[in-house]
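A.B. asks: Take each chain as given, in its own frame, and dock them per the hints.
As you go down the protein sequences, you meet chains A and B in turn.
Per my numbering: the first sequence = residues 1 to 882.
Per my numbering: the second sequence = residues 883 to 1316.
For the record, the hints were derived by calculation from the structure and aren't laboratory data.
Take every hint as true, because none was put in to throw you off.
No farther apart than 27 Å at their CA atoms in a straight line, the calculated lysine-lysine pairs in the DSSO-like style are these:
| no. | chain 1 | residue 1 | chain 2 | residue 2 |
| --- | --- | --- | --- | --- |
| 1 | A | Lys14 | A | Lys31 |
| 2 | B | Lys1281 | A | Lys108 |
| 3 | B | Lys930 | B | Lys1074 |
| 4 | A | Lys108 | A | Lys154 |
| 5 | B | Lys916 | B | Lys953 |
| 6 | A | Lys56 | A | Lys31 |
| 7 | A | Lys130 | A | Lys154 |
| 8 | B | Lys1074 | A | Lys82 |
| 9 | B | Lys953 | A | Lys31 |
| 10 | A | Lys82 | B | Lys1285 |
| 11 | B | Lys953 | B | Lys930 |
| 12 | A | Lys31 | B | Lys1074 |
| 13 | A | Lys56 | A | Lys82 |
| 14 | A | Lys56 | A | Lys130 |
| 15 | B | Lys916 | B | Lys901 |
| 16 | B | Lys1074 | A | Lys56 |
| 17 | A | Lys82 | B | Lys1281 |
| 18 | B | Lys1074 | B | Lys953 |
| 19 | B | Lys916 | B | Lys1025 |
| 20 | B | Lys1117 | A | Lys82 |
| 21 | A | Lys56 | A | Lys501 |
| 22 | B | Lys930 | B | Lys916 |
| 23 | B | Lys1074 | A | Lys108 |
| 24 | A | Lys154 | B | Lys1281 |
| 25 | A | Lys159 | A | Lys130 |
| 26 | A | Lys108 | A | Lys82 |
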Amino acid sequence: MTATTSTASDTVTKPEEVTLTIDGVEVSVPKGTLVIRAAEQIGVQIPRFCDHPLLKPAGACRQCLVEVAAPDREGNVRPMPKPQASCTLEVMPGMQVSTQHSSEVAEKAQRGQIEFLLINHPLDCPVCDKGGECPLQNQALSNGSGTSRFTGIKRTFPKPIKISTQVLLDRDRCILCQRCTRFSDEIAGDPFIDLQGRGGGTPGSDEHGLPAQQIGRFDEAILGFAGGEQAPDGDTVGPGGEPSLAAGTGESTPTLGEAALDASGRPFASYFSGNTIQICPVGALTSAAYRFRSRPFDLVSSPSIAEHDACGSAIRIDHRRDVVLRRLAGDDPAVNEEWITDKDRFAHPWQSAPDRLTSPLVRDEESGELVPTSWSEAVHLAAQALTGAHGRVGVLPGGRLTVEDAYAWSKFARVVLGTNDIDFRARAHSAEEADFLAHRVAGSTMDVTFGDLERAGEVLLVGLEPEEEAGTIFLRLRKGVLAGGVHVSSIAPLTTRGASKMRADVLHTVPGAEAVVLTGLAEGATEAGGVELGDLAERLRGGVILAGERLATVPGGFTALQRLAEASGARVAWVPRRAGDRGAVEVGLLPGLLPGARPVSDAQARVDVAAAWGVESLPDTPGRDLTAMLEAARDGDLGALLVGGVHLDDLPDPALAEAALAAVGTVVQLEVRRSAVTEHADVVLPVAPPTHKAGTFLTWEGRPRAFAAVFDDASLSDGRVLDMIARAADVDLGARSLDGLYAELAEFSGWDGERAGAPQVSPGSGHEPGSMAPGTAVLATWRLQLDSARGQDGEPHLAGTQRRPVAHLSAATAAEVGVAEGQTLRVGGPAGSIDLPASIVAMPDRVVWLPQHSPGSSVHRMLGTAAPGVVDLSVPTSEVQR
Amino acid sequence: MSTLAPVLSDLWDAPQSWKLDTYVSRNGYDGLRKAMETDPAELITMVKDSGLRGRGGAGFPTGLKWSFLPKPDGGPRYLVVNADESEPGTCKDIPLMMANPHSLIEGVAITSVAIGCHHAFIYLRGEVVHVYRRLLAAVREAKEAGYLGSDVLGTGYDLEVTVHAGAGAYICGEETALLDSLEGRRGQPRLKPPFPAVAGLYARPTVVNNVESIASVPGIVSRGADWFASMGTEKSKGHGLFSLSGHVARPGQYEAPLGITFRELLDMAGGVRDGHELKFWTPGGSSTPILTAEHLDVVLDYESVGAAGSMLATRALQVFDETTSVVRCVSRWIDFYQHESCGKCTPCREGTFWLKQILQRLEAGEGSESDIDLLLDVAGNIEGRSFCALGDAAATPVKSAIKYFRDEFEQGLHTPAWELFPYEANAAFTGVSS
Ligand SMILES: Cc1cc2nc3c(=O)[nH]c(=O)nc-3n(C[C@H](O)[C@H](O)[C@H](O)COP(=O)(O)O)c2cc1C
Ligand code: SF4
Ligand code: SF4
Ligand code: FES
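In isolation and in its complexed conformation, chain B is listed as follows (with noise of 0.2 Å):
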């Protein structure tokens, strides 16, 4: 039985909880000070045996990731922070970062340190203004205490860090679009190799992480990396944050060591909404397959939520009751899928483009008797065929719903969705429609 593992979220509640005061009260900066001790190796080291895992999506391990870097050369090493938080569903960054953004800060001082580098940008997406303003102040204060700047913590280490405000586009959260992005161009994913580690920014090796895997880097670093690797299973380390959205009744942040299942997050968020029941859940975002009631005690790690044919990804558990149809869900996700596209490669561009139309039409109940597979057989055609994962991940959810939902596409043949599943009946808040 897991419970919470209040880590990054523990100060949250504190009385203004971004300030810096608040955040050195808890020991915070307490890593970089032990880091600005620490060989720059022994940092990596240190987050390779943590187990940490990249908290943006794919899980890969930090500190190897680190490690990937060729040797000092003399030119410039770049961190960047893959702050675009923009996946349907996930919504963990962005209250990190207003709650508590000198955990991120920290981080970045650390990271920094230990892949050489001496100016750090973060990425944020455009739109969260109120986050760009705390991030902004943030640097600011940190930087008057000596944390950044010219002479962190009076060892001379030079250290910019650039906050940057993205345009809004989700394409913007794959890194090497965003690396494209940062530099001034048009977002659209880079060809690989050559990988970011390589050249990445302006060309030069750069390390690009999410922003919780990067803020998780103090703790390992001031508690040790046996601390954060006493949480979780064998191979999925760590704290993570859990996002509750949706039929819940307590929707929110949950952190909790990673093999927590939905089951007992479920309950500590109050259950689906009085009088409904489980339909189906991501178990990270949009780009996840969806799984069903059946998966509820599914451990909440890398490996099990795979081997139950989805993705932990960025555990943002999106909770769907019977109230809501799947075609309109899958034609939102969809709509957004298609919106987003970046419109570099054919099958993403213009696959989203077919299935939008047809899941329009399935939607309104004036589908055809073929568009099931046609659905299928498009999805099919996106997926492992697109130039990134924008592509794949669009595909996910119209198989997955097909594969658990099939008969309410085959009613979308005859009988529109609004008809079978009242909209308002669907609305997560009273007096919001459609």
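For reference, chain A alone in the conformation it holds in the complex (with noise of 0.2 Å):
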């Protein structure tokens, strides 16, 4: 196991002390801590709008004032002249504050910001979303007067501004407290909102005169600078169905490369924008998708975790009569603080999509088509079927399932279906991945955590743009490197915006030839394969190297993975894109490994593990992976498919699937909706979506996510519904009842015995780009995080705020095939072709990158190639002749 160095974390001293007293109570808490914090730890709630613990302060809000008394440099208490900002003012020892509890002169300074910010603040709240939970509400009658002493005239602007499809902002309802400002600037790192205008405006509607201070996109229409003209949008968001505004789009937008717009036209905004919605401590920030749609006081909020990823973000889930309304971020100092993508907010519309399986589905024999049946019938059918096939069965789950559901699955693979035929990776993969995850990954938890990578020293990202692929782990490093706490470097073939932001170091390399570098970082090289290293390698040592499920696509990658780690003693994590795929890895969905480590190849460990499950012995040869098994099915060498959550079009070879799904015997299948697998099923079994069963997700770092279900309803997790077929096929699987998976799974912790051995694949050179015939191209691609995903089905205005699709290439390969920046590219694969606009960037010659899964773009379904492939690019005759 990796030996773990003393990080900096051990050699922090325990910060220093610092006694002062609040409204009389003494109170000690660490050196430069704030006023307002120090006064919690008392009980004690000091009113604030502008401060955030997680933002920098600002101290421009000024309703968190107090009065406080220090000691002068002969230790004389003196009072200080003014009311002081809680927020800002740092404790010192013998410091005396007294906040509104005691003090008048403190009670009546926030009783007067209460009234001001109250002068110019609609009186709306009856049809304002955050009427109910909202902090100046709260604070105006806790902290405020009962009735206004204004009399005059509110300033008023036209409402709301669409600042993206997804975020509205009604200005006469901002507070300008600059926390979304902030968030945008210091979290995300997106210039997706900023302060515009000065001061307070002019009384009414703000058509003349210099604009207020406003939040807002700069955008010229809606400031009323000359030349801006108003873009009209179709989509009605006023009170009233009157159509918003529409900021960023239109005649005003300044022309910017396709690379920098949104799907709705805009300028890209950001993947975490719904935070500014949730910290706005008013309602001027709200979301397409809930406006209007429900008061918070007829909420119920569940906990839970969010499903579209590997970091397990903690979210809440607030719904009414069993419906979703919408989703928030949890608080989670461990894991992802106080934010959640955009991602994880809104897309939780598909748990409910109308194509929702809702009751078991099997082949009518005359008509062939599927129809509904009871659970008795259906699980019957795909007991036979299974059962029919015993030892010949190929398995499939998917990687988004529960540890407990994945654990059923392994179980039922193995006990039922007399198989090791099981692999949960449903996108591109490699036996040496398998092995890499068999000898390195499984059982390893919490090896690197969240909180690690703040402080890692350098962490190398090799096949993962975590932007893109991880947004928490985005989140944390960009935090870590502005603190100084981290330095990135990444290995990939362009350097992207989520790489700008973590002003990683990108090591340009043409895809393919990522385990060329690895291993020249292994050899303390400064150069390898034509990519400058540096003194990486040197760096390196005691750091971390956090590898995307994508190494998988370059041969040699993780041995050579494995070997830089052995050599720089750096701690490694595979981080993977899905929510279920770290617990499938511990639970032994995959052909070679049982659950807690154990490699089928190790006889010891088939005893183990059968004793475990009373049964007499286990399947003794490894099984095959995915395409193996696809194949098997496609040449009739496997009478059925048993399918969880896989999507084709995730596939490395979408038509490969097709086939062995049309030639396989029985296609019996576990899904929350219909999908393209269900075209050729024989036995359909609905299982619920998370909202509806308790469950655990593994994060990448190995941490157990647990969460209860949302609602309570007849749904099935795949663990009851495999349960069910196990029983009907006379074996009992034990998968009823969480608990009783609980207490078998504590058994598999801890595994003595060896562990499989090592990846051991020579590196392959990948291409020479220079040598290949022009024209051509090695292509990269990965999956953005907003794309065609299903996941993100039944979110229009999510939808809109996805990138442009384009297609990135260098500036000598763009003259090469002759296509200009902005023109249509096409790139060409055995199976079709992809047309996209060219955006060139810096980036290795010959190579292209597409998004993997993008409106336009699905790469593997139509190209019938996946990276590091070669492609063929030119310029359609349309374009050229344009």
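C.D. replies: Take a look at the structure:
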């Protein structure tokens, strides 16, 4: 195992304590603590708006004023002449703080600020989304006056502005606390919105004079600057159904390359914009998805864990009468702090999409159509077909399972179906990767954590774009980078926006040559395969390497990674994309791996597991991986396929999957919604989406993230369904209750036998772009955070905020092909081609990057090849004529 | 009995006073020559000993400010001259830079040498394009003559001076907002600490000083700290420009030792305009509490004006005679503060918005019974609660005007100010109204 060298955190000495009094109560807090935080320690809540514990102090709203006396140089305690903002003031030894509870001055100062904020705040609480959970409303009641002395004219604005298709802004409600702008700047690093204008503006509608200070995107039309023209927006969001003002679109939008735009034509905003809505202390920022849908006091809130990536972010699900209305970030300092991605926040309608399966289906023998049937019949038919093909069933559970469900799949395959033909990887994969997972990942819980990343010194990314594939890692790394605790390097073909925001050094590498670079680093080289490495090998000592699942596409990649880890002593973590991937490794959803890091090939391991499962023996030959299973099914070597959450477009060869599903005798599907697999299924068994079941996701760190069911209805988890099939086949799977499962799972912790051997694949040199034919290129591709994934179905406002699909290539390659920036580039493969606007960036020549699964660019299906394959580049004839 | 003490303004009546030749012919740049031969620490001590206090308003001892810079660490250190002069009534830096720009540039060069700065900035308010051109020309002349540039006076000292024109915002005169603006950001005050001396321009140690403060430095260096300290009062040393404006016979700049009285200055300026009498005045611009005829003999130094309940600040003496409506005057001042509030903090942004509406109805004779107490309360909720001094400044005229002229505000409950004080009679220049 990795020897954990002492990290920075071990040597940090305990911070000095400072003792002061607040309202006469003595309290000791670490040096550097802000007075407002110290007060919280003794249960005193000082009212505040701009203050946010995760943002830098601003001192803008002046709501948190307190009276302070502090010792001078001679030690005489002297009152400060003015009330002080407790959110910007650090504690001092001997300080005496008087809050609103013990000081009339503080109380009056606070009352005064609330009154000021309310003079220009509309009284539209009854129709405002925030009403009922609004800090302004709450603090106006607790620390304000019952009536207003303001009789004049308020400042008003036309409302609302559509900052993006998702985020709406009512400027009249805004109290200019700058939380949203500070979040955008300090946390996400996106120029999403900023302050513009100056001062309080003019009473009445702000259509003359200087624009008042307001939040916005510097849209000329909205600020009323010459030349700005209002772009019409068909979508109505106003309270009376009137169209919103659309920010950032239309005539006045500065000409940006396609690569900088979102799907709605606005400059790309942010993958984290929803956080601004949540931290806005008033109802100024709202989401199109939730606006006017509900009152907070009608909602029931359930804590949960987000299902969209392997980060396991804490979320809060707000629902009403069995309908999810919205999701918010939960507060978990160890994982996501208080931030989540827009995908985790807004992409929830998929769980109740119209195509959600509600009753079991079987294929009617006569019509050949799927028809609804009873559970008992469907389970009986499934059991019959699967046991009939005992030992000849391929099991494809997918990567979105809870640990509990995954465990049931693992046991079901071995015990009921008598096979090791099981593979959770519903995407590009390799045997080398499986070896690495068995050798290094399984059982290696919490070697690297989110918190570690902030102080890791050096983090090397390979096959991973955190902003796109693991948003919470991106935020942590950026935080650590800005605080000076970590520097990021990345082995990737181009410098993405996410990489720039992390100030990463990107080692521009031709896809497929990552192994060469990793090997170079392991050997302490300063150059490898034409890539400058500088002193990175040196810096990596005691650092961290984060390897994405995409490294599986690189022959020798995981082998080289393993070597580098050993050579540098850097800790390694594997970061998959899906919520269930890490748990799947732990419970053995791999052809060569049993639960708890036990290799199939190890007799003792098999005996161990068989004993735990109360069976005599387990199949002893390692099974086939996903591609091998599909080939076997296509060729008639398998009798049945048992398929879970598998999307064909994600697979490296969707055509092979189609052929396999069509050829194989029986297809039994366990799914939440109808999918392309359903077309081929003989028995379809509906399973519960995350809201309808309890379970645990393992994060990429290996951290268990348990969640309870939000809704309690008749939906069954995968485990329950598999248990029923097993019983119909006279096997007790023990997966009826979670308690039973936990007891079993506990038996698998700790394996003291031999671990699976390390991967041993020598690095391929990859392609030699220099010697390739002109007009060809090596394909680079990965998934964007927001794309055509089915998990984002039913959320058009979110879809509007995704990046515009473009094809990236170098200037020299573009010149070779004869394509100009913004012109259509045609990328061709064996199955067809993809046309996208060309975006010229710095990257290796004869490499082209495409979004893997975005509108108009589903690489595996449309091209029939995967990275790092070779594709053809051309300019469509229509474009040439243009 | 004090008289004038023209130092910076001594040259103003010379033909082409702004030219380098004119300046040099009157011993200009002698201070710099001397400074180049002096130990920088000695220069700082000299300025400390002179008793020079910042002429930008707060009156902070200039030499002491320079000494706050941390020890050199090899990185850049900056001098930034605050030439944003935008306070209502304050009008000394602009004529100074117009008539005698080289006094400022020589001061910049000496100060830079003293603090180890190799790139100094002059942040000029953007509206004064003529002054901008004059400064640019003066910097060019000085560079060509070797007083600035890569080899100052042949010593090898390297000094670049950039004149930057702002975009017209009062708040950009506040030193930290100025630095943000100079960096190309939105002009809003920064949270302190860190103070500019530690992390100022581009987060490097920075000295920010007013134009007049810096322009006073060459005299101190060439004629000595004692010479400077011989003028003024015990704690307020040296010469200063007093700007008389309003209902006065001969408005303009009067350079005199600190400690002169308003009565003396008013006499030199020919008194209040013919046939009229003094009603109230400001000692240092609209941000300082107003004073009345009973304060004519207040000694104009920091301590005495403070004791009289106001502030010396920028010595902008605005004179108002009996034809002036106090309500109208305060209402215009609040219009200014409301317009110039940067918007960062609640009390200033919202408080001035509210004050403005109350004052407008009082001016129109439409005030209500509670309005005067409301004005005082709103002003009280701004003062000492705002993020920077602009908010405090906005509360000041309201509070001091009500203190001395509450009855006039009470008349605002029923009679418009223009009936009580016909605006034509108030116009300082005939033919100009409102
Ligand atoms: C709202 C506001 C406006 C200011 N405007 C100016 C100005 O125009 N010129 C100036 O020298 N100082 C101005 N100051 C004062 C500066 O913040 C700073 O104190 C001064 O430039 C320091 O220079 P000194 O020490 O030489 O006086 C202003 C302060 C505030 C709060
Ligand atoms: S929109 Fe909300 S978070 Fe942003 S400044 Fe306004 S009140 Fe604050
Ligand atoms: S007091 Fe507040 S709003 Fe006014 S100028 Fe200063 S920071 Fe801006
Ligand atoms: S919470 Fe302290 S100023 Fe806003």
